[in-house]
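Undergrad: Residue strings, one per chain:
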Amino acid sequence: MTDMDETLPRTMVEPVEEDGEMVLNMGPHHPSTHGVIRLILRMDGEVIREAVPDIGYLHRGIEKVAEKAGWAGFMPYTDRVDYLGAMFVNHAYARVVERLLGIEVPPRAEYLRVLADELNRIASHLICLGSITMDLGAYTPFLHGIREREKINDLFEEWCGARLTYNYMRVGGVSFDLPAGLRPKILDFLDGFEVFIDEFNRLITWNEIFVKRCAGIGVIPPDLAVGYGLVGPNLRASGVDFDLRRDQPYAAYPDLEFEVPVGKGYAGRVGDTFDRFYVRILEMQQSARIIRQVLRRLPLGPILGKVPKKIKPEKGAEAHARIESARGDLFIYAMADGTENPWRLRVRTGSFNALSILGALAPGMMVADLVAFFASLDVIAPETDR
Amino acid sequence: MEVAAVLARVREAFPDAAVDADAEARDPYVQVVPRAVPEVLKFLRDGADLRYDFLMAVTGVDLLGLADPPVFRVLYHLYSYTHRHTLVVRADVPRDQPVLPSVASLYPTATWHEREAWDLLGIRFEGHPDPRRILLPEEWQGHPLRKDWVEGETALGYSTRRTTLMDLLRGAAGPAKGE
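Taken in order, these protein sequences are the chains called A and B.
Residue numbering for the first sequence follows this note's numbering, beginning at 939 and increasing consecutively.
Residue numbering for the second sequence follows this note's numbering, beginning at 7 and increasing consecutively.
Quick caveat, the hints were computed from the structure, so don't treat them as lab data.
Watch out, some of these pointers could steer you wrong.
Unchecked claim - Below, in silico cross-link-like pairs of lysine-lysine (DSS-like), each with a Cα-Cα straight-line distance of 25 Å or less:
#	chain 1	residue 1	chain 2	residue 2
1	A	K1150	A	K1089
2	A	K1248	A	K1006
3	A	K1123	A	K1150
4	B	K153	A	K1250
5	B	K153	A	K1248
6	A	K1002	A	K1248
7	A	K1253	A	K1006
8	B	K153	A	K1002
9	A	K1002	A	K1250
10	A	K1006	B	K153
11	B	K48	A	K1253
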């Protein structure tokens, strides 16, 4: 197998017969790779000896786009960074520009941002949980998840006109107030949703076959999780009790009460695939709790702060902002050169870091377990590639 | 620990390598010489009340036209889960010889971040375990986030130009009527 490393580019796949090992190409269109990601696996029978992720199929040069589109014009592009959690990227980008300009966001806008984030978090987690079960051969739970997510998409459509790429947030606030009549619909959805979680748990979470496929698989110890920069639910499933919403609070989160679920080895060991699955279920319950509080306390007032006509941060100004997205700590760094275009914008996403740990953990795993492990990392290809 | 105290400790430990620091900046930073980056990061990661255990991102910035002489600035955004504090370490490398030591052995996450900085900006990290492109295809030429990068007429055999509706209205492109 050494000759692959030496003579061929690592991404070229040559079947190698010595020692009975072979190189298997998983993806870029494999159903379990969720988008377009390719894994090059060196296999000994069913056991993986080496796994090399090959990414970039969905690279759209979003950082270069930012330099061309300008500070104000970049907001719609942020939706495309993560199509399952567009609100988070909106929010992170708005926050970095607000930090650069020192803009105050009115309280109502901060609450509406939290409301949008948490609804989006539920929608995103539903897809993640659904696709974990689907990758393990259970198709029905996925449809149940999609059905609930459709309801959230409908709510968003009524709220801001879009179902996926919302372009909802603005520098200094949000673009639309909560429409009259949406509040009872959200509450209706939550009433059904809490029943749904119970149903989902009975349908699949504690299903014996499912638990056996997930428990003890792909255990990520906390030091490795931190070293590889795992964030969000993946980090918390490994037992690291950290959530930006609680520990580096932003928006309206300081006023809201919620718990941060942490992996405890619910069915196997701390940091295994099942913990990553179950932590997301618990997170959705907390999101529902946050949404109820937001709807109860939503302050009155403007939804957009005082924003200059032209967004032009001073030359050399730089800032970073972080958001707890569905896939964890979303980091955006921006630097200005005094014009209407960013000099540099850097987006570092949760999926990018999550995928980088795959090569370290896959050796020794069976292919079928790799599918479960990979699904539980909740990697979204466009978010990895940007 | 207050960020000013952290910066004072870094300057005390590295009197020659830490050339600049600002605790009042929007993102407080310490500027170090490129070759000292690994030891400074190791100091920040392992120091008892520092414990910057999370490398949030490695970011390259092309300062062509903003700095004289032109440099690439490499930023290491650090965060500590233990103490909940943030710090930016930065280093400037000359644009004509953009090389600095890799920190992949300190922070495994840097492996991919440094590959990305190489891919998009052409900054080389010495001692990197896997110095390949990551997002762009292997046969790609150049580094698109450099400020002097010019998009070619074609890329990898595909045209990079698109006829827009405005071009058609102006008659600038497309076949003329009747031909």
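Undergrad: Hints first: check each against the structure and report whether it holds.
TA: Each hint tested on the structure:
no. : hint                : verdict
1   : A:K1150 <-> A:K1089 : violated (31 Å)
2   : A:K1248 <-> A:K1006 : holds (16 Å)
3   : A:K1123 <-> A:K1150 : violated (38 Å)
4   : B:K153 <-> A:K1250  : holds (20 Å)
5   : B:K153 <-> A:K1248  : holds (24 Å)
6   : A:K1002 <-> A:K1248 : holds (21 Å)
7   : A:K1253 <-> A:K1006 : holds (17 Å)
8   : B:K153 <-> A:K1002  : holds (10 Å)
9   : A:K1002 <-> A:K1250 : holds (18 Å)
10  : A:K1006 <-> B:K153  : holds (12 Å)
11  : B:K48 <-> A:K1253   : violated (32 Å)
Consistency with the previously given hints fails for numbers 1, 3, 11, ordered from lowest to highest.
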